[in-house]
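Trainee: Using the sequences provided together with the hints, build the complete structure.
Note that the sequence shown ends on residue 269 in the working numbering; no numbers are left out.
Just to be clear, a hint being listed does not mean it is correct.
[What the hints assert, rightly or not] With a straight-line Cα cutoff of 27 Å, these simulated DSS-like cross-link-like pairs (lysine-lysine) come out: (1) Lys192 x Lys135; (2) Lys129 x Lys38; (3) Lys125 x Lys30; (4) Lys47 x Lys65; (5) Lys135 x Lys47; (6) Lys135 x Lys65; (7) Lys200 x Lys244; (8) Lys125 x Lys135; (9) Lys135 x Lys38; (10) Lys58 x Lys129; (11) Lys229 x Lys210; (12) Lys125 x Lys113; (13) Lys125 x Lys52; (14) Lys30 x Lys113; (15) Lys38 x Lys125; (16) Lys52 x Lys38; (17) Lys30 x Lys129; (18) Lys58 x Lys38; (19) Lys192 x Lys229; (20) Lys229 x Lys200; (21) Lys142 x Lys125; (22) Lys52 x Lys30; (23) Lys244 x Lys229; (24) Lys142 x Lys58; (25) Lys200 x Lys142; (26) Lys47 x Lys58; (27) Lys113 x Lys129; (28) Lys142 x Lys52; (29) Lys65 x Lys125; (30) Lys65 x Lys142; (31) Lys210 x Lys135; (32) Lys65 x Lys30; (33) Lys210 x Lys200; (34) Lys142 x Lys129.
Treat the hints as calculated values from the structure; they're not laboratory data.
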Amino acid sequence: WQSVLDSIRPKRGLTIRDADVHTYVEDFIKLMVEIAEKDLEDLSAGKPMLRKMEMLPKAVEVMEKFHFADAFVTYGGCRALAMWLRDLPNGEMPNVHLRSALLRCMERLPITKDALQNCDPPLGKVVVKLQQNPKETVGNRKLAAQLVQRWLRQVLTPKPEDRSLDSLIAGEEEERTGNITRPEEETDESLKLLEEDSAKRMHPTIPIIKGHEYVVRPVPTDQPVPRHKDSLESNRGKLAEVLKAMSRPNKKAYRPYSVSIAGRTLNAH
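Mentor: Spelled out as structure tokens, the structure:
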């Protein structure tokens, strides 16, 4: 009877004191790494890999705690996530429920550029591989793409304090130079040439706005898929043209009815 009551009674969440947060999270991450290694040993021995799935609810509960987020990233949580998400030695992906749960948790974690660089195996490459894998679900590929874009913005955008660090050490500010070339200064000779040029023309010149030079990042790798177009002389092409003509709306049906007084003409103009 007590077991039935325990199953019905709602479970209490984690209650960890603030002083014990770092120790608890560090030990939990070590346990996650150990569980991942034991699952690989079970796979090599021909046994089912069940340890990560049994630990998944508790791992999600730890990662969803707001007070544990910074400590989880600081003590090597990215390495544990990479070990849980990477492909198995036989080339298969881990459980789909495990992948979905971990990707959703990674959206809430404050994963920084330094944490990704110091991670082995690299978590960034694991997530990019999930994004590009055609066997992955559409929802997980979208989550992986959002994570990759967020991390790319951290890598490509330098911090303001990093820009002015050298200037603060030297005691002077750096002179920033723009990418747009400055137009030449107008002189009396250049104005005279413009007046002579305008006097020779019959029509005014059209003002042209010059665009800005920019680089698209990341570089797109998608290519358009070539579509085969059937010839109009073939039966398939003729049938396509007939179906296209038949699918057009009937304009005659759109005309309003006009009934004559005698009742002889209906919808006739």
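Trainee: Please go over all the hints and tell whether each is borne out by the structure.
Mentor: Hints, verified against the model:
| no. | hint | in the structure |
| --- | --- | --- |
| 1 | Lys192 x Lys135 | violated (68 Å) |
| 2 | Lys129 x Lys38 | holds (23 Å) |
| 3 | Lys125 x Lys30 | holds (22 Å) |
| 4 | Lys47 x Lys65 | violated (33 Å) |
| 5 | Lys135 x Lys47 | holds (24 Å) |
| 6 | Lys135 x Lys65 | violated (31 Å) |
| 7 | Lys200 x Lys244 | violated (54 Å) |
| 8 | Lys125 x Lys135 | holds (17 Å) |
| 9 | Lys135 x Lys38 | holds (26 Å) |
| 10 | Lys58 x Lys129 | holds (26 Å) |
| 11 | Lys229 x Lys210 | violated (38 Å) |
| 12 | Lys125 x Lys113 | holds (13 Å) |
| 13 | Lys125 x Lys52 | holds (21 Å) |
| 14 | Lys30 x Lys113 | holds (22 Å) |
| 15 | Lys38 x Lys125 | holds (23 Å) |
| 16 | Lys52 x Lys38 | holds (9 Å) |
| 17 | Lys30 x Lys129 | holds (25 Å) |
| 18 | Lys58 x Lys38 | holds (18 Å) |
| 19 | Lys192 x Lys229 | violated (57 Å) |
| 20 | Lys229 x Lys200 | violated (51 Å) |
| 21 | Lys142 x Lys125 | holds (16 Å) |
| 22 | Lys52 x Lys30 | holds (13 Å) |
| 23 | Lys244 x Lys229 | holds (15 Å) |
| 24 | Lys142 x Lys58 | holds (25 Å) |
| 25 | Lys200 x Lys142 | violated (60 Å) |
| 26 | Lys47 x Lys58 | holds (23 Å) |
| 27 | Lys113 x Lys129 | holds (18 Å) |
| 28 | Lys142 x Lys52 | holds (24 Å) |
| 29 | Lys65 x Lys125 | holds (26 Å) |
| 30 | Lys65 x Lys142 | holds (24 Å) |
| 31 | Lys210 x Lys135 | violated (45 Å) |
| 32 | Lys65 x Lys30 | holds (18 Å) |
| 33 | Lys210 x Lys200 | holds (25 Å) |
| 34 | Lys142 x Lys129 | holds (13 Å) |
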